[in-house]
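Engineer: Line by line, the protein sequences give chains L and W.
In this note's numbering, each residue's number is its place in the first sequence (first place is 1) plus 3.
In this note's numbering, each residue's number is its place in the second sequence (first place is 1) plus 1.
Everything labelled a hint here was simulated from the structure, so no lab data went into it.
For glycine and all other residues, C-beta sits at the position ideal for the given N, C-alpha and C.
It is possible that part of the hints are untrue.
Restricting the straight-line Cα-Cα distance to at most 30 Å, the calculated cross-link-like pairs of lysine-lysine (DSSO-like) are [what the hints assert, rightly or not]:
hint, chain 1, residue 1, chain 2, residue 2
1, L, 398, W, 82
2, W, 61, L, 398
3, W, 59, L, 66
4, W, 82, L, 66
5, W, 376, L, 182
6, W, 98, W, 82
7, W, 43, L, 398
If you want a taste of the chain L side facing chain W, the calculated C-beta under 8 Å gives, among others [said to hold, decoys possible]:
hint, residue
8, 170
9, 171
10, 175
11, 177
12, 223
13, 315
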Amino acid sequence: MNSPLNRRHFLRNASVCIALPFLESVGFRRFASAATLAPRPKRMIFLAMGWGVTNETWYPDPKQTGAEWTLSEGLKPLAAFQKDITVVQNTFHKHSSDAHSCSTFWLTGANRYGIPGRSFHNTISVDQVAAEQFGQDTRFGSLAFSNPGGEGGHGSAVSWNRQGKPVADLSDPVAVFHKLFSDEKTPLSERKAQLQREQSVLDTVLIEAKDTARGLSREDTDKLNEYLESIREIEIRLAKEEQWLTVPKVKPTQSITEPGKGLSGEQEVKLMYDLMVAAFQTDATRVISYRQPVQSLLRSRGYNLDGHNMSHYSMGPRMEASQARDKCQSELTAYLIQKLKATKEPDGSSLFDHVSVALGSNVRTAHQLDNCPLLLTGRGAGIKLGHHLVMPDPKTPLCNVWLSLLHGVGVRPPSFGDSTGILDALMA
Amino acid sequence: MSTAMLRPLHLALGSVGLLIFSATSLAETPQTTARMLPENRKFLETHCFECHNADKQKGKVRLDDLALEITEIPTAERWQKVLAALNSGEMPPEDAKQPSAPDKAGFLEKLSKQMVIARKALSDSGGVITMRRLNRREYVYTIRELLDVEVNPFDLPSDEAPGTFDTVGSGLFFSSDQFAQYLKLARNALDQAIVTGKPAPKQQVRIEVEQKANESARTDLKAARASIQKVAQWRKSGGTSPEFNDEPHASTNESLARGRETVALAYLKDPATLTGRFPKLDIEHFQIPGNLPPGRYILRARVAFPPDAPHVSNLNMTPLLGPRPWLTGGEPRFVEFGTQGDQGWPIEMKLLGCHQVKGTLEKAEIIEQPVVLTKGSPRIFALRERRPNGQADLNYFWYYKAPQRSKHEFGFWRGLWIDWVEWEGPLETQWPPESHQLALGEVDLTANPGDEQARDILQNFASRAFRGRQPTADFMERLMGHFAERRKAGEPFEQAIKTPLAIILASPKFLYIVEPVEREALAVAQTVPASFTATPTTPPAASPAGATKRVPLSDAELANRLSYFLWSSPPDERLLSFASSGKLKDPKVLAAEANRMLADEKVMRFVSGFTHQWLHMTRLDFFQFNWRLYPLFDGSLKAAARREVFETLRTVLDENLPLGTLLKSDFVVVNDILADFYDIPGVEGSAFRKVSVPAGIPRGGLLSMAAILAMGSDGERSSLVERGAWVLRKLLHDPPPPAPANVPQLSRFAGKLLPARELMTAHQEQPQCAQCHRRIDPIGFALEHFDATGRWRTEEYTEVYKIHKAVEKKQFFPIDSSGRLPDGTPFDGFEGLRDAVAKHEANFARGLTEHLVEYALGRPCGFSDAELVETVLQKSKPQRYTPRSLIQALIASKEFQSK
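Next up, chain L with everything else stripped away, as it sits in the complex:
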């Protein structure tokens, strides 16, 4: 039965390509002296690979550490880039107690039960710490990508703000594309009026919020503050939009194609990677987090299984699926690295030289919450690449890695989460 409804299938196969800008010609590069160019900004990517990995086949042999190590089965597709990646073993979040929270605490390390009388609590995520510093000069302070369906945990967010509340995320590549590159069709005056109207709506509800606050207990006032915080965030966004209102979106010189609708799985991840690279290249933002899809990735590899089933694998179809997923992730990572390397910066260096990429999960496999899988790449944070690090202490805080990456890119908080210090072994 040829169902005409199966557009999804058709679109999946339709080749969608984003032509990356080629602003800098070879000639330009030759004459540009380093002195006239500002140092290239640092960028950060965090890729949350929910539900963990295949315990038996993803981790490299812990006996082979340092620069001499053999790629594991699951990492084999990264063979061409072994010198560009570092795998870190033996890190974890000490407050992790519940695998079903998924990636909710991966970038925060928070204690869900950290506040008496509350069933949920979270703190700022590492990407948002970086965004506070890096987001000043870009159109978007940071971007959080997600996937439709969310797949477990407390909502779909992997990024959390200063107040420990989820950062709004984008799950549709088409929406991401428009946000980054689409021209505003409405005239400037109309957009200004629109911003004013939005601000005016906020002013109106604030009147009611103030009235509501009368007679509230402290706990209730805290709760109402969440509402106010959300209003405040919109105000900040509006202010930023206003500030950028007259600045045209940087667009690639070559044509850029709007992605097809309904892409999923492997194609969707690839497209998101393309968009990330394009966003960095046009300096639309410098910090991106991405909670990656699992179920649709498996589907695109022919496994009709969801992430939870996959992670509870045993010998047989579930384990096969888990291994196929590891391989697929590694292939996609190779694709991203290759892309970052091929994208040139105005000073002749590549994007890869200025970006820090972390790929991992706070779940090892099923309900194992120690030795979190973690792969780092990019030269942006000044870490050792091409290494296999097995931390001598199996309880090394994952937040130490996050702190090290932050310091590596020039954001220097004294500590992060439950960190105890910088990992010297990691730094080049």
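Please arrange chain W on chain L, whose structure you already have, making use of the hints.
Structural biologist: Leaving out everything else, chain W in the frame of chain L:
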């Protein structure tokens, strides 16, 4: 298979382990402070202090100063570390002297029990109810009551989280994009509610399905013959042309093409295809045009099954499903209606309903499915023969594996036959619809309304939306400003009014359930102080000691609390009138109103919303079920199984039956497909109804429900640990501690075929496992006659896989279902366990009451609620703890009526 078998069972506990209540029986006074004993300190002294003391702190851990009383989070965290280190076998180190097994087990049992108490004590809010916003369910129902329209809330967070209820305010956040979502949803709702012009005429559109199907078969036939032709030509050319590599390649192609030719010919020759279609294992879809308004519609189809139609469950994919001799007159046949879901359409569809079909090709039958279209909801609908979702490869089984296939010379899946499909609607007869009046009141749009009317509309709507609180004058002025601005921009009245109406629905008095206390007004900071530390900006909630005095709710607040408790939506007019006349606090009126509300259809919102979370039924969606082993447990059955739990509780509530009915009953509340699953004859139609359990059928009570049993599995095998822990936690009110994370896998079981009971012996080997599992596992043994989906079985089937989906070896084992309760009561099998559990009605009632307190009051039920819980139980006890009496006792309590 076997290695993982222990693991999922084990660790899945972690997910539910957070919902902890103390392990006390009715007889003893509950212990309210977690306290380790001096002899436990001795244990630490003997085994830990040498490396973890004041001078030496190996791994930066010091234990000699660890307080025995666990009253603060840092202390609890340190004890938790001790627990984890001992549980995982990490400590004491291998080369150190090991504690004896009984010592270690004793210490761990004490510590894990104290940690359960500590968590409860530390989560005690001391009676403080945190203001909360409407959760997602309540939002949808509230909009429905306010405007009589449906919204799709999927942009909002679901608010269900492990270990708590979606009514507990402290756990519900408000994310940065939520405000915009509320505005958008409100706008959507108003676009649906307010109408202009004339009503859309009702249409009835019928689609004859055979034409397209036959065209497609003819195309297949043509393509198949072309392939055969191609092979012939290749052979004629002496195999030199490039189409095929060699003769085997060519002949494979030829035989496939011949198969396709046979199928297409058979299909076209079948007389039934002259007037209808056999969709085989595909779907039949059709569309209601997007330009038709939202509202109620009806889908219809004229369908039939041939008498010898193949049946998905008889594909012989599974060694588990024997013949079903109770079925006389053939297998029951079902057809599913569905629509486009989130993923995988058309292989997966979102099910709307499942209908038994008795029509024959001679005398086909018309089935109907009512649907409600909302703005933006899918307009494509489909029907198909009932089958597991997402299984495109069923076709593969049919064509290549199914032994029955040879019996059908036609070669195609000659199952469901469809004469036609049709849709009819919109069915609304009133114009303008109720929703229009709810939004605009009596204002007549044709009478050129102006500012005065706008003000009336906004004032009335805000009063209704704010549930008894009034909008401020400033707010009203600004709303009028928004209206004027839109009018100036050229929008007509009915359009311009939507902007301020939507703002009302995004305001805090609508989104939050506010219960202010008349104390000195607390100023809210106008700007949010930006904090630049990683610590939370909000201080810890008030400790029980610092808890403020409770004051009575106002009448309006009481009406709200009652209504959101029982209906998840605002009070109706009758309840409001009692509130405004000041009569609601009269205990007789309040009880009568509660009874009225409990009898209303809307109570199902409470029943499903509460029960789903109380019994932790999200577990039902944790795993996909292996359709090859369990073809009967498909989407329709899972939905019916879930519903059975709610319908049963509803029946117990309606008929005011003792709570113990849920533990053991001589009836079930089922529909046709569930009755089929339970081997109960004579149930027709998809409506749920009370049915007596026939002799010899092991059903009746929660323990025998497919949903509950399926939750105790990983989709492949039954999990006796999961089931045992669930019984302890939910029925006996004696919860085991949460399972520790990072338990090593037992690789020595890999590749071995073993019955589940034998695998569990591994739990007895290590004291840290044995201390809990000796209580948990034996309960699970009793339920081993139920497979992973809750179907009765006489033998346990296990298999070991090689790669590529191939089963390497398989074996059946006899089932030993004897066991005992933690109190020592021995039992044999399901009936024995059920009888033993049924004796603990009082424990079950206590557990339920604690959960009801949390759900109804929107805060954790802590030790400080001991008196409340006791009062409710004592009041309800003479009535055998009927759910109605428990709910009434809770509503009558001072706590329910205070803030």
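Engineer: Are the hints correct? Go through all of them and say.
Structural biologist: Here is how each hint holds up against the structure:
{"no.": "1", "hint": "398/L - 82/W", "verdict": "holds (12 Å)"}
{"no.": "2", "hint": "61/W - 398/L", "verdict": "holds (11 Å)"}
{"no.": "3", "hint": "59/W - 66/L", "verdict": "holds (24 Å)"}
{"no.": "4", "hint": "82/W - 66/L", "verdict": "holds (28 Å)"}
{"no.": "5", "hint": "376/W - 182/L", "verdict": "holds (25 Å)"}
{"no.": "6", "hint": "98/W - 82/W", "verdict": "holds (20 Å)"}
{"no.": "7", "hint": "43/W - 398/L", "verdict": "holds (27 Å)"}
{"no.": "8", "hint": "170", "verdict": "holds (7 Å)"}
{"no.": "9", "hint": "171", "verdict": "holds (3 Å)"}
{"no.": "10", "hint": "175", "verdict": "violated (12 Å)"}
{"no.": "11", "hint": "177", "verdict": "violated (16 Å)"}
{"no.": "12", "hint": "223", "verdict": "holds (4 Å)"}
{"no.": "13", "hint": "315", "verdict": "holds (4 Å)"}
Violation of the numbered hints given earlier is confined to hints 10, 11; the remaining hints are satisfied by the structure.
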